[in-house]
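As you go down the protein sequences, you meet chains H and A in turn. Quick note: the first sequence, position 274, residue 274 per this note's numbering, numbers continuous. Quick note: the second sequence, position 156, residue 156 per this note's numbering, numbers continuous.
Hint data in this document are derived by calculation from the structure and do not stem from the laboratory. Since the structure is predicted, the reported quantities are computational estimates derived from the model, not experimental observations. Some clues are possibly wrong.
Example chain A residues on the side facing chain H (calculated, C-beta under 10 Å, incomplete) [what the hints assert, rightly or not]:
id, residue
1, Ile105
2, His127
3, Gln297
A few chain H positions that, by computed beta-carbon distances, are all more than 12 Å from chain A [unchecked claim]:
id, residue
4, Lys15
5, Thr18
6, Leu152
7, Arg209
8, Leu281
9, Val315
10, Glu322
11, Ile344
12, Phe346
13, Asn398
14, Leu438
15, Gly461
16, Val493
17, Ala543
Cβ atoms here follow ideal geometry from the backbone N, Cα and C, with glycine treated the same way.
Each chain, letter by letter, is given below.
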Amino acid sequence: MSTTHYEDPTTVVGKAATYVDDRLAPAGFMKRLLTKVFPDHWSFMLGEIALYSFIILLLSGTYLTLWFKPSMTEVIYNGSYLPLKGVKMSEAFSSTLNISFDVRGGLLMRQIHHWAALFFVAAVSVHLLRVFFTGAFRKPREINWVIGTGLLTLAILEGFAGYSLPDDLLSGTGLRIAEGIMQAIPLVGTYVAMFLFGGEFPGTDFISRLYSVHILLIPGILLGLVTAHLLMVVYQKHTQFPGPGRTESNVVGYRLLPIYMAKAGGFFFVVFGITTLIAGLVTINPIWLYGPYTPSQITAGSQPDWYIGWLDGAVRVTPNIETSAFGHTISWNILIPALIIPGIMFTALGLYPWIEAWVTGDKREHHLLDRPRNAPTRTALGVMALSFYLILWIAGGNDIIATSFNLSINTLIWSFRIMLFVVPPISFVITKRICLSLQRRDNDKLLHGYETGRILRLPHGEFIEIHEPISVAEAAMILGKSDVPALALPPVVDEQGVKNPKARSSKVRARLSSWYYSENVPVPTAEELQAAREHQEHALHAAGEAGAIEGSSH
Amino acid sequence: MSDLEHFHGEEPIGSVDGIDVVSGKQVFPMGPHEPRRADIDPKAAKRAERQVATMFVLATVLILGFVVVYVKVPTTKLVAFPIVGTASLSNVLLGTLFGLGMFLIGAGAIHWAKKLMPDVEVAEARHEMRSTPTARQEFAAAVKQGAAESGFGERKIIRRTLLGALALFPIPLVVILRDLGPMPGTRLRTTLWGKGVHLVTDPTYRRIRPEDIPIGGLINAVPENLLHKEEEDGNLNERGKASIIIVRMDPADIVSQQGAGWDYQGIVAYSKICTHVGCPISLYQQRTHHLLCPCHQSTFDLSDSGKVVFGPAARRMPQLAITVDADGYLVAQQGFTEPVGPSFWERG
Numbered sequence: 001m002s003t004t005h006y007e008d009p010t011t012v013v014g015k016a017a018t019y020v021d022d023r024l025a026p027a028g029f030m031k032r033l034l035t036k037v038f039p040d041h042w043s044f045m046l047g048e049i050a051l052y053s054f055i056i057l058l059l060s061g062t063y064l065t066l067w068f069k070p071s072m073t074e075v076i077y078n079g080s081y082l083p084l085k086g087v088k089m090s091e092a093f094s095s096t097l098n099i100s101f102d103v104r105g106g107l108l109m110r111q112i113h114h115w116a117a118l119f120f121v122a123a124v125s126v127h128l129l130r131v132f133f134t135g136a137f138r139k140p141r142e143i144n145w146v147i148g149t150g151l152l153t154l155a156i157l158e159g160f161a162g163y164s165l166p167d168d169l170l171s172g173t174g175l176r177i178a179e180g181i182m183q184a185i186p187l188v189g190t191y192v193a194m195f196l197f198g199g200e201f202p203g204t205d206f207i208s209r210l211y212s213v214h215i216l217l218i219p220g221i222l223l224g225l226v227t228a229h230l231l232m233v234v235y236q237k238h239t240q241f242p243g244p245g246r247t248e249s250n251v252v253g254y255r256l257l258p259i260y261m262a263k264a265g266g267f268f269f270v271v272f273g274i275t276t277l278i279a280g281l282v283t284i285n286p287i288w289l290y291g292p293y294t295p296s297q298i299t300a301g302s303q304p305d306w307y308i309g310w311l312d313g314a315v316r317v318t319p320n321i322e323t324s325a326f327g328h329t330i331s332w333n334i335l336i337p338a339l340i341i342p343g344i345m346f347t348a349l350g351l352y353p354w355i356e357a358w359v360t361g362d363k364r365e366h367h368l369l370d371r372p373r374n375a376p377t378r379t380a381l382g383v384m385a386l387s388f389y390l391i392l393w394i395a396g397g398n399d400i401i402a403t404s405f406n407l408s409i410n411t412l413i414w415s416f417r418i419m420l421f422v423v424p425p426i427s428f429v430i431t432k433r434i435c436l437s438l439q440r441r442d443n444d445k446l447l448h449g450y451e452t453g454r455i456l457r458l459p460h461g462e463f464i465e466i467h468e469p470i471s472v473a474e475a476a477m478i479l480g481k482s483d484v485p486a487l488a489l490p491p492v493v494d495e496q497g498v499k500n501p502k503a504r505s506s507k508v509r510a511r512l513s514s515w516y517y518s519e520n521v522p523v524p525t526a527e528e529l530q531a532a533r534e535h536q537e538h539a540l541h542a543a544g545e546a547g548a549i550e551g552s553s554h
Numbered sequence: 001m002s003d004l005e006h007f008h009g010e011e012p013i014g015s016v017d018g019i020d021v022v023s024g025k026q027v028f029p030m031g032p033h034e035p036r037r038a039d040i041d042p043k044a045a046k047r048a049e050r051q052v053a054t055m056f057v058l059a060t061v062l063i064l065g066f067v068v069v070y071v072k073v074p075t076t077k078l079v080a081f082p083i084v085g086t087a088s089l090s091n092v093l094l095g096t097l098f099g100l101g102m103f104l105i106g107a108g109a110i111h112w113a114k115k116l117m118p119d120v121e122v123a124e125a126r127h128e129m130r131s132t133p134t135a136r137q138e139f140a141a142a143v144k145q146g147a148a149e150s151g152f153g154e155r156k157i158i159r160r161t162l163l164g165a166l167a168l169f170p171i172p173l174v175v176i177l178r179d180l181g182p183m184p185g186t187r188l189r190t191t192l193w194g195k196g197v198h199l200v201t202d203p204t205y206r207r208i209r210p211e212d213i214p215i216g217g218l219i220n221a222v223p224e225n226l227l228h229k230e231e232e233d234g235n236l237n238e239r240g241k242a243s244i245i246i247v248r249m250d251p252a253d254i255v256s257q258q259g260a261g262w263d264y265q266g267i268v269a270y271s272k273i274c275t276h277v278g279c280p281i282s283l284y285q286q287r288t289h290h291l292l293c294p295c296h297q298s299t300f301d302l303s304d305s306g307k308v309v310f311g312p313a314a315r316r317m318p319q320l321a322i323t324v325d326a327d328g329y330l331v332a333q334q335g336f337t338e339p340v341g342p343s344f345w346e347r348g
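Chain H extracted, bound-state conformation:
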C-alpha cells in the first residue's frame, strides 16, 4: 500500500513508541509539545502551585472517600478518642473521628487535604493577582481570564462544601449561616432552603447531598475548566516580560523537555512535600475539639476558613436594614453582603478585560507583559479592590481582634464601615502616585544611569557622584513599556452632517480613556537618550581631565 520504507525500531522504548504511533500518530504533536518553549519567571510558578494543590486535593480526597461516611444518621461514637466515647453524633462526624484516630495515616491525609485546600484557594487568588497586575488577561487571553474567575468562584464553593462535610459544631454553624442566607433570597429563598436541606435545617439529607456536590459535581467542573485553562496556555503560548530578545512575536525561555519536565515535575514534589510536612506538623481543623454539631450550641470566636472570611466580614459590618411590605420581608442586611456585593465583585472581575479594552480602545494582541508600574490606573484599581477585600476580610475577625486587643466591638465595626468607603480611594491615589514615581525613576535610570555610590571630588571642591549605565536587561525591561494606543472614536457628526447616535457614549469613553492614561510618563526618545549619554560622557571626561579624587559615599 505504501511506498515509504519504515525502519524497524530496536529498543523497547522505540518499539512501544512505534506501537502507539502506528495507531494514534502522536509523533508530530508530541514533538511540538515536548520542545515547546516556556518563559522563566518566579511569578509564573503561582499558577503551578494552584495546579499541583488541585492534584494533591484529588489524590488525598480520594483516600478520604474510602473511609468517610456522608450520612447524618445518628450513631453512638465508640472509637479510640476517649473524650467523645458514648456521645451521640452523626455518622459523618463519627467517621471523620475514625479517619483522624483509628485509620493509620488517616489524620495525615485529612490534614494534607485541608491544608492543600487552603493553599489551593490562596494560590489561585495570588495567581489571579499576578495575571491582573501584569495585564496578562489582555487580548487574546480574555476567555482564559473568565475561566480563571470561574475557577476561583468554584474553588471557594468547593472549599466551603468540603469543610462543612464532617458535621462538626464549627462547620454546622457555617451551614446554619448558609441556610439563613438562602432564606433571605426574595421570592424563592424559602423554597431553595427547604429543597436543598430536604425540609427544615438541619434535616438529615444535606451532608450526603453536599458530598456528591463536593466529590463529583464541583471537582468535575473544576477538572474540566483546569484542563481548558492549561490547554489555552499551551495553545496561545505563555506571556513573557519585556527584556533582551523578547518581542511580541516570540517566546523566549526553556524547552519543556528536559528543563520544565525536571523543574515543574520537581516543583510538584516540592509542593506536595511541603504540604505533607505542614500536615504532619501543624494541626488543622481539629474537629474532635469542636464536637458534633447540634443546632443549639456554638463556640465563641467561630472563624471560617480564610477564603470565606471576607464574606463573613461583609455580613458582619452591614447595617441592619430589613424592609417589610405587602406581607413580604426583604433582608437587605443579608442580601447586600452575601449576594449583591459578591455578585458585583465577581462580575466586575470577570468582565474587567473588556471594560479595560473598551476604555483604552486597545484592540491589539499583547504577549509582552506590563510591569505593574507601567499601567498605573489598572494597578491602582487593583490595589483599590484589594484594599476593599482586605478590610472585609479583617472585619471577618472583628470579635477576635476585639478580644485580643481589648477593643470595643461597636467601635471596630464602625471603623470598618468607614474604612470600606475611605481606604479604597486613598489606596487608588497612593498606588497611582507610586507607579508614576517609579516610571519617572526608571526614565531617570535610563537617562542618567544608576547611582554607584562612588563620589568624585573635583579640584575646585565640588562633589559629584558617578552614575553608571544600567544593564542591557534592565534597559530592555524599561523600554519595553507598552505605549498608549490612539483611541479611535467615531465623529460626533458624520460627513453627511448626521449626528452619530453613539456620540454621547463616545464622549464618556474618551473621558474615561484620558483619565485612564492621565499623567502616564512616556519613555525617553532615542534623541533624549543620545543627548543624555553625550552629556554624561562629557561630564566624566571633564572631571577626569581636571584630576578629580574618588572617595566613597559609604
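Guided by the hints, dock chain A onto chain H, whose structure is given.
Chain A alone, transformed into the frame defined by chain H:
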C-alpha cells in the same frame, strides 16, 4: 547607555533592525550565554551530580522509613512538644518522612535542571492568534453548505417544532427535583412550644424551678416534648427552632417585654436562635442584660423586649411567655407568637 552598541547577538524573532515589528518598540538582542561552573569545570559537574543523587537516595530512605513507622507506631501514641503542645506521634512521623521524602525528590530534580541541564534560553516564534482569511472563508462556507443541505433554514416547520421540543426538553430535569424537599408550609412559623409545655434544661432534660435560677443566672433550655419528638423524627430540626435561653434579672431591671406578664418574677425566656442568620446565641452579659451572637455580633437587650441594640440583625429576639405550673415548674404560657430564627420572604 554606551554598552548597548557593543552588544552582540542575533536579531530576535519578530524584530527587524532592532525594532519589534508588532509593537514598534526597540528590541535588544539577547546577551551572550555565561557558562556556569558545572559547564566548564568537570569537578563542579561531578559535585552537582553527587548532590542530586544524594537527595534521591535520602528520599528513598525516608519513604522506606514511612512504611516502618506505619507498621510500628500506633495511632494512639502522643508526643509532647514544648510550647506548642501534644500531637499524634504517628502523624508527625508519617508527615515528616513522606513530606521530606517528596521534597527531596523535587529538590533533586530542580537542582539537576539548574546545574546540569542546558541553561541557554531559546526562542520560539508565535503568531497572531487569528486564522488566515482563507481558513475563515472556508469555515464559513462549510457551515453555510451544511446548513443549506440540512434545510434548517427553509423547512420552517421542522425548525420550529424542533426548537419547541428542545425548549421543553429540560423540564423533566427540573420537575424531577421537586421531591428534594417539602413545601415550606408553616414549618418556619411553628415550634414545639405551646401552652403548658415544660421548660427543661439542655442537654439534661430536667424540669426547672424558679428558685433554681439565681438573679443574673442563665439556663439553656428546650421544650420537654423535644426528647420524644427527636427520637420520633430522627433529626434535629425542632431543636434548631425551639432552643431558648432563660435568664433571671431583678424585676425592676425589666424595661419592657413583648407581652404583659410574660416573665415570671424576673425570669424571662427568649429564643436562642439569632434573628439574623440563625446562629444559637450564647454570650450573655449579666450587668447589661445584653445577649451577643458569636457569629456576627448582633446584640439584643433582654431587659428591653429583646430589641436589637447593635449589629446586623434587624429583628428583636422572640420572647416566650412563661409561668409556673401547679407543681412549681416553669412552663410556657403559649407558643411563640412570631416565627423564630432568620427572616424569610413570606415572613411578613
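Results of checking the hints against the structure:
1. Ile105: holds, 4 Å
2. His127: holds, 7 Å
3. Gln297: Since the shortest Cβ distance to chain H is 5 Å, the answer is holds.
4. Lys15: holds, 27 Å
5. Thr18: holds, 27 Å
6. Leu152: holds, 24 Å
7. Arg209: Arg209/H is in fact no farther than 12 Å from some Cβ atom of chain A, at 8 Å.
8. Leu281: violated, 6 Å
9. Val315: Given a closest Cβ separation of 6 Å, the condition is violated.
10. Glu322: violated, 3 Å
11. Ile344: At about 19 Å from chain A, Ile344/H clears the 12 Å cut-off, so the statement holds.
12. Phe346: holds, 21 Å
13. Asn398: violated, 7 Å
14. Leu438: Correct as stated: the minimum Cβ-Cβ distance to chain A is 19 Å, above 12 Å.
15. Gly461: Its Cβ never comes within 12 Å of chain A, the nearest being 29 Å, so this holds.
16. Val493: Consistent with the label, Val493/H stays out of reach of chain A, its closest Cβ about 32 Å off (over 12 Å).
17. Ala543: holds, 16 Å
Figure legend: structure checked against the earlier numbered hints; hints not met, in rising order: 7, 8, 9, 10, 13.
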